[in-house]
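> With the hints as constraints, model all of the structure from the sequences given.
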Amino acid sequence: MALKLHGPNYAIGNGPEAMGEGIMLAATMLSEGRLPGLWLVMTRYSPEYIPNDDTAGSASNHAMGEGIALALTPIENSGKGPEFLFSPDDEFDLALPVFELSNMADQLQTDNPRGRWRLPGFGWFGIQDRPAAMEMRA
Amino acid sequence: MNGDAVWITGVGAATPLGTSYREIADNLLAGKSGIVAVDRFQVKDHLSQIAGLVANIPDTEGFDRKTVDQQGSTDSLALHCASQALRDSGLWDARDKLRVGFVLGSAADWNSFWEADYHQGGRRILQTMTGVRSLVHRVAALLGTSGPTVSLSAACASGNYALGMAKRWIELGWCDVCIAGGCDMAITPTTLACFGNLRALSKRNGEPQRASRPFDVDRDGFVISEGGALFVLESATRARKRSAHAYAQVAGYGGSSDAFHMVIPNNDPGPAIAAVRSALADAKMDPADVHYVNAHATSTPVGDAAEAKVLETVFGSHIPNLPVSSTKSMSGHLLTAAAAFEALACIVAFESQAVPPTINLENPDPECRLCHVPNHAQERKAKTAISNSFGFGGSNTSLVLRSV
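Protein sequences, first through last, are from chains A and B.
Per my numbering, the first sequence starts with residue 1, numbered consecutively.
Per my numbering, the second sequence starts with residue 139, numbered consecutively.
It should be emphasised that the hints constitute simulated quantities derived from the structure, not laboratory data.
Hints may be right or wrong, so weigh each one.
To be verified - Chain B is faced by these chain A residues, among others (derived, beta-carbon under 10 Å):
| # | residue |
| --- | --- |
| 1 | 1 |
| 2 | 3 |
| 3 | 4 |
| 4 | 8 |
| 5 | 9 |
| 6 | 11 |
| 7 | 13 |
| 8 | 15 |
| 9 | 16 |
| 10 | 17 |
| 11 | 18 |
| 12 | 20 |
| 13 | 25 |
| 14 | 34 |
| 15 | 88 |
| 16 | 122 |
Unchecked claim - Distance condition first, Cα-Cα at most 30 Å in a straight line; then the derived DSBU-like pairs of lysine-lysine:
| # | chain 1 | residue 1 | chain 2 | residue 2 |
| --- | --- | --- | --- | --- |
| 17 | B | 341 | A | 4 |
| 18 | B | 447 | B | 170 |
| 19 | B | 170 | B | 422 |
| 20 | A | 4 | B | 447 |
| 21 | B | 447 | B | 422 |
Since the model is a prediction, treat every value here as computed from it, not as a measurement.
For glycine and all other residues, C-beta sits at the position ideal for the given N, C-alpha and C.
Written out as structure tokens, the structure is:
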């Protein structure tokens, strides 16, 4: 609403698997070929926000908010940025680290972002450098 | 990816109109209301005191209710709907050998859980819940399914998005079959108060069964309801191979956002029109190809008239002969499960070749110039249907179904 975006939008997931769910549905929507691109916005508290037992909504702990917004475009579109890879397959290297928002954020701030993570629940997700386009391949 | 059609081969539901497909179908075609006075909690201070309740969620064979409901009754509801759909599809015994995906539209389970806990003296809202899996993952674990599993929420539009995503997963080959739809058990003191204080709900408390009256001049708000409807989707090739009964093809869907206001419908019908047209394009259909519209029409003064304008614009000269009904007149508004329930109503129309009515439609609003189906089901050719769901926050969706 704040960005005045008129495309389809919805909230995804809750719980430990939420990040993977968001990535998977972003890949699903882009694979339809109907959108020129989409925003994938992932947020979390770490540690979890625990309210005090009052009406002020104050936190009982030092909950830190983390968030990342990714502008994703289909592979056909040109642009700059790394390539994002997603696979729903269960068959992947079990040595892959579990996806963490902060790890991806760290990678995206490097000159040559790269990484591959297991998604909580299913599949894997990766970033690899690709100078010509920012992509998400399903 | 293949170009195969995606079919619905199993249905599971629990709603104010029944807890099986057959019971719900019979009640829809009979024009029966499922709206009652709320007796689950004290309502004397609420503006709206009526709702569509699921009084008794059926037990699911092989599962202990206390174990299932550790996070609240929405778990039992979703488990019932999913297991019923899998059994109906004939895939129950094969579920652990297949990649069974699960896309669930839901929103209120945490609110309901914390609220119920609070009323029982608990304070679990003040405790860390980081490790607790979401509703869809809990139910998938009970079912023993292992395919991709997600929950999504777009308010009233959730079920249509869920069916659209599930269709795509089947097309991409990400799962063999997919359970999809929506479930919510949201009739709680807080929810009733919130929607009531928004002045969104009907206050026709003395006449529950006459309260939900979409398109009628005397409508005064929607009637909140709860329930769920889940479907089993699979490719037509797979379904044919095992001689499965097919209820319908999920032909297409479309979505858009108003980006206007959190609760007020947009004055500009453009985004909603875009959603319907996008769905028709996805299904490769023209407006003239549509035989029935299951309207979102919730019985609010502004929303119903706005949707009528959308339909007039999209269907143009076809509108005088295109039957439009709102089954919310009977079920009330199932919130995140509404779209899935209304997909079920379209399937009923296909099966019976009769369009479920809009009950309580005594004086059609002149601002809603549509081909209504007032009060009684009508025998109609029904081979294709669209179902609109326009959610709070301005989330517009339309689903296209085709009979098989």
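> Evaluate each hint against the coordinates.
Tested hints:
This hint holds: residue 1/A has a C-beta 5 Å from the nearest C-beta of chain B, less than the 10 Å allowed. Evaluation of the residue 3/A hint against chain B yields a held restraint, the C-beta minimum of about 7 Å falling below 10 Å. For residue 4/A, the interface hint holds, the least distance from its beta-carbon to any beta-carbon of chain B being 5 Å, beneath 10 Å. Checking residue 8/A against chain B by beta carbon gives a least distance of about 3 Å; that is within 10 Å, so the hint holds.
Because the smallest distance between the Cβ of residue 9/A and any Cβ of chain B comes to about 5 Å, under 10 Å, the interface hint for this residue holds. Proximity of residue 11/A to chain B holds as hinted, the smallest CB-CB distance being about 4 Å (cut-off 10 Å). Because the beta carbon of residue 13/A sits about 6 Å from the nearest beta carbon in chain B, less than 10 Å, this interface hint is met. The criterion of a C-beta within 10 Å of any C-beta in chain B is met by residue 15/A, whose closest approach is roughly 4 Å, and the hint holds.
About 6 Å separates the beta-carbon of residue 16/A from the nearest beta-carbon of chain B, less than 10 Å, and the hint is met. Against a cut-off of 10 Å between C-beta atoms, the interface hint on residue 17/A holds, since the closest Cβ of chain B lies about 6 Å away. Contact between residue 18/A and chain B, as hinted, is supported at the beta carbon level, the nearest pair being about 7 Å apart and thus within 10 Å. Because the beta carbon of residue 20/A sits about 8 Å from the nearest beta carbon in chain B, less than 10 Å, this interface hint is met.
Taking 10 Å as the C-beta cut-off, the interface hint given for residue 25/A holds, the closest approach to chain B being about 6 Å. At its closest, the beta carbon of residue 34/A sits 7 Å from a beta carbon of chain B; the interface hint therefore holds under the 10 Å criterion. A hinted interface residue such as residue 88/A counts as satisfied when its beta carbon comes closer than 10 Å to some beta carbon of chain B; here the least separation is about 5 Å, so the hint holds. A cut of 10 Å between beta carbons decides the hint on residue 122/A: the least distance to chain B is about 5 Å, and the hint holds.
Distance restraint check for residue 341/B and residue 4/A: the Cα-Cα separation of roughly 34 Å exceeds the 30 Å cut-off, and the hinted pair is therefore not satisfied. With a C-alpha separation of about 28 Å, the suggested pairing of residue 447/B with residue 170/B holds against the 30 Å cut-off. Between residue 170/B and residue 422/B the CA atoms are separated by roughly 35 Å; this puts the pair beyond 30 Å, and the hint is violated. Among the hinted pairs, residue 4/A with residue 447/B is consistent with the structure: their alpha-carbon atoms are about 22 Å apart, no more than 30 Å.
The suggested pairing of residue 447/B with residue 422/B holds, with an alpha-carbon distance near 23 Å, which does not exceed 30 Å.
Hint violations for this structure: numbers 17 and 19, all remaining hints satisfied.
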